[in-house]
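Q: Chains as they are written, first to last, in this note's numbering: chain L, 53 to 156; chain R, 20 to 189.
In case anyone wonders, no lab produced these hints; they're calculated from the structure. Even glycine gets a Cβ: it sits at the ideal position worked out from N, Cα and C. Treat the hints with caution; some may be incorrect.
Said to hold, decoys possible - Covered by chain L, according to a simulated footprint, are these stretches of chain R (three or more residues, beta-carbon under 8 Å):
1. 30-41
2. 97-105
3. 130-140
Unchecked claim - Just the calculated beta-carbon pair ranges, DEER-fashion:
4. R/Arg24 / L/Ala120: 19 to 27 Å
5. L/Ala114 / R/Ala80: 36 to 44 Å
6. R/Ala90 / L/Leu96: 25 to 33 Å
7. R/Ser77 / L/Ala117: 23 to 31 Å
8. L/Phe99 / R/Arg186: 36 to 44 Å
9. R/Met183 / L/Leu137: 39 to 47 Å
10. R/Gly112 / L/Leu96: 26 to 34 Å
11. R/Gly127 / L/Leu127: 48 to 56 Å
12. L/Leu57 / R/Arg185: 44 to 52 Å
13. L/Thr58 / R/Ala123: 45 to 53 Å
14. L/Ala131 / R/Arg87: 50 to 58 Å
15. R/Val105 / L/Ala129: 32 to 40 Å
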Amino acid sequence: MSWPLTLDGGAALGAGLLLGVAFGFVLERAGLGDPKKLVGLFYLEDFTMLKVMFSAIAVASAGIALLAVFGVMDLAALAVQPTYLWPQIVGGLVLGAGFALGGY
Amino acid sequence: MNAMRPYWSPYTAGVALGATLLLTYVLMGFGLGASGAFTHVAAALEGAVAPGRAQANSYIAGYLEAGRLWAQWVVVEMAGVVVGGVLGAWSAGRFAWRLDRGAAIGGGRRLLFAFVGGATVGFASRIAQGCTSGLALSGGAVLAPGAWAFLMAFMAGGFAMAWMVRRVWR
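For reference, chain L alone in the conformation it holds in the complex (with noise of 0.2 Å):
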């Protein structure tokens, strides 16, 4: 159970420079710099931004599932982000609405 390493200081952000640089350099290699692909998925018209979200999600939890199974992981040590309903389906309408206002 080591993991989270947790890190502090300058070695975090160290790290959240280069974590930062590696999500860019995905984010653009996988076509999601470019705004009609962005809202593509509200026109039925591209499913990239769908592909890679739900791809990276089930990569990085099994991941972290695996992880744990294996005694690596304290999963009790993830920041898990707190449930407030009302509040994530009011901002997540709302910024649904801004990715499509947004447009292209």
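Once you have looked at the hints, place chain R on chain L.
A: Just chain R now, with coordinates in the frame of chain L:
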């Protein structure tokens, strides 16, 4: 433009993004974010321009208490996202100054809609305490119920608004 590389398969990109997210959880104990960085910047701006007003607002004051802007993890991570995006575009031969826009919209209206949409997304991210990165993606991966509720509402809001504004760009 001839040398422009095609985008990755969405599944390849998804696996790479999932690996990045998994690594973030392993190293940090939390996931990737985006909107929090904008909130930190907005709080710092208000703190600089109207310190009294910023301190009087407990939400903004909480962000200011976190300390210097460049010591905030999510701010540094978002700076990395910009660098990574530029690297991705540049190394694929896609880096250029241009305004992507649909066939039926002029440049001014394109920017206006983009601004209003962006402001709406920013506002909504504070209602939900997260965005498509920090809540839907990162929360989805740790099976947070609120993240999945948010994701479904996000789709519903997007489909509804897209239908209403579809004639703006097509």
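Q: All hints are to be evaluated individually against the structure, with a verdict given for each.
A: For each hint, the structure was consulted:
Check on the segment 30-41 of chain R: 11 of its residues sit with their Cβ under 8 Å from a Cβ of chain L, so the three-residue criterion for coverage holds. A count of 9 residues in the segment 97-105 of chain R with a Cβ less than 8 Å from any Cβ of chain L is obtained; the coverage claim is therefore met, three being the minimum. For a cut-off of 8 Å, the count of residues in the segment 130-140 of chain R with a CB near a CB of chain L stands at 8, and the three-residue condition holds. Hint check: R/Arg24 to L/Ala120, Cβ distance near 37 Å, so the stated range 19 to 27 Å is violated.
For the hinted restraint 36 to 44 Å between L/Ala114 and R/Ala80, the CB-CB distance of approximately 40 Å keeps it satisfied. Against the hinted window of 25 to 33 Å, the Cβ-Cβ separation of R/Ala90 and L/Leu96 comes to about 44 Å, which falls outside the hint. Hint check: R/Ser77 to L/Ala117, Cβ distance near 38 Å, so the stated range 23 to 31 Å is violated. Judged by the Cβ atoms, the range 36 to 44 Å given for L/Phe99 and R/Arg186 is violated: they are separated by roughly 22 Å.
The hint said 39 to 47 Å for the Cβ distance between R/Met183 and L/Leu137, and at roughly 26 Å that hint is violated. For the pair R/Gly112 and L/Leu96, the beta carbons lie near 30 Å from each other, so the given range of 26 to 34 Å is met. In this structure the supplied range 48 to 56 Å holds for R/Gly127 paired with L/Leu127, their Cβ-Cβ distance being about 50 Å. For L/Leu57 and R/Arg185, the hinted distance range of 44 to 52 Å is satisfied, since their beta carbons lie about 47 Å from each other.
At roughly 50 Å, the beta-carbon separation of L/Thr58 and R/Ala123 lies within the given 45 to 53 Å, and the hint holds. At about 22 Å, the CB distance of L/Ala131 to R/Arg87 disagrees with the hint of 50 to 58 Å. Distance hint check for R/Val105 and L/Ala129: the Cβ-Cβ separation is about 34 Å, which falls inside the suggested range of 32 to 40 Å.
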